[in-house]
Amino acid sequence: MSDFDASDRAFMARALALAEHGLASAHPNPRVGCVLVRDGQVLAEGWHERVGGPHAEAVALSQLPSGAAGATAYVTLEPCNHQGQTPPCSEALIKAGIARVVYAIGDPNRQVKGGGAQRLREAGVQVQSGLLEREATDLNAGFIKRMRLGVPLVRVKLAMSLDGRTALSDGRSQWITGEAARLDVQRWRARSAAILTGIGTLLADDPMLSVRPGGADVRQPVRVILDSELRTPPQARVFDGAGAQGVWIFTASTDARRSAALLARGARIERCAGAHGVDIARVLAQLGEGGINEVLVEAGATLAGALIEQQCVDELLLYIAPLVLGDTARGLLKLPEPPSLEQARRFEVIETRAVGADQRVRLRMTEGNPCSPA
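Residue 1 is where the sequence shown starts when you use the working numbering, and the numbers rise one by one after that.
Think of the hints as simulated: they come from the structure by calculation, not from any bench.
In this text the structure is predicted, and so the values were computed from the model without any measurement.
Hints are supplied without guarantee of correctness; some may be wrong.
Claimed, not checked - Here are the simulated distance ranges between beta carbons: (1) 270 / 95: 41 to 51 Å; (2) 212 / 354: 15 to 25 Å; (3) 339 / 266: 40 to 50 Å; (4) 28 / 354: 49 to 59 Å; (5) 257 / 133: 48 to 58 Å; (6) 266 / 99: 20 to 30 Å; (7) 99 / 174: 27 to 37 Å; (8) 229 / 172: 44 to 54 Å.
Ideal Cβ positions, reconstructed from N, Cα and C, are used throughout, including at glycine.
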């Protein structure tokens, strides 16, 4: 990593803050911010809003019709060097007279990887990288994983009492957490390209799996259902206002009648049969092929436990409410007991935050390989 001073860090932090404006809209593209600076003064700023729209560098440069001779560009991701739906950002920076480019992380996209930095250097631009790398990686963890492994980042949302329970023994669970926590979940839904659940949760709760409040400017995530026997009711609320990408149902069933009824409701049906129902690893691979960067799982103890057991989870988003439900209430996860404590699945706490009266703990799985198809 090159040496950077306090002003470099401040300008890159601003670029990261700009990139966050694309949390809910940029996918399947990465979230990118750009700040153009000369003599310590910000000349222009930009961020990438949505696929097909101008990249962050282009947005910033468009505010400087006479160019940016001698300026420094702080960009959260290596400038692209290929012609896609938009022109190469490396060429635009060179043409504008940018003297120095500082970027946080390299682009894992094989079309870009190193190409942008190389083109800039060939044109005589000073190039430095690695500034606020950890923060930039976290911002685009789903995009990076999809580019490298072909599968999205999987984040499992769970809510529990202090004694690790999710519902009373009869299934009643509204509401364990408070209103602030429920609003916080909507923000995590909005940044996810897909919300995934199992047929058990769908039949029990009839969820919409949508971002609320909605509206014309809200991009609704793909709604994904794992339903091995195609038991999804055609009248389920998940089909209401599902948007252009709609509802994807992954199944092991070949029942033509049930398929026809769901297709008539706009569902996309994919057959992913595994040894025991739906093959979760194949589901994730297909979601990756569909451009899904981040998946938020909102499911019951069985599916959440299966995802952890098969090492298909990157993060847990755990909401803890300050109440106890007793030892006959329903547990958090359905998992086999490990042979020993040393063999237990382990997670690293990466963030803890108070959300109203509740606590939100974000954890990352510390070991294990990506799950593979059965």
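Please flag the earlier hints that this structure goes against, numbers listed from lowest up.
-> Checked against the structure, the hints that fail are numbers 4, 6, 7 and 8, while the rest are satisfied.
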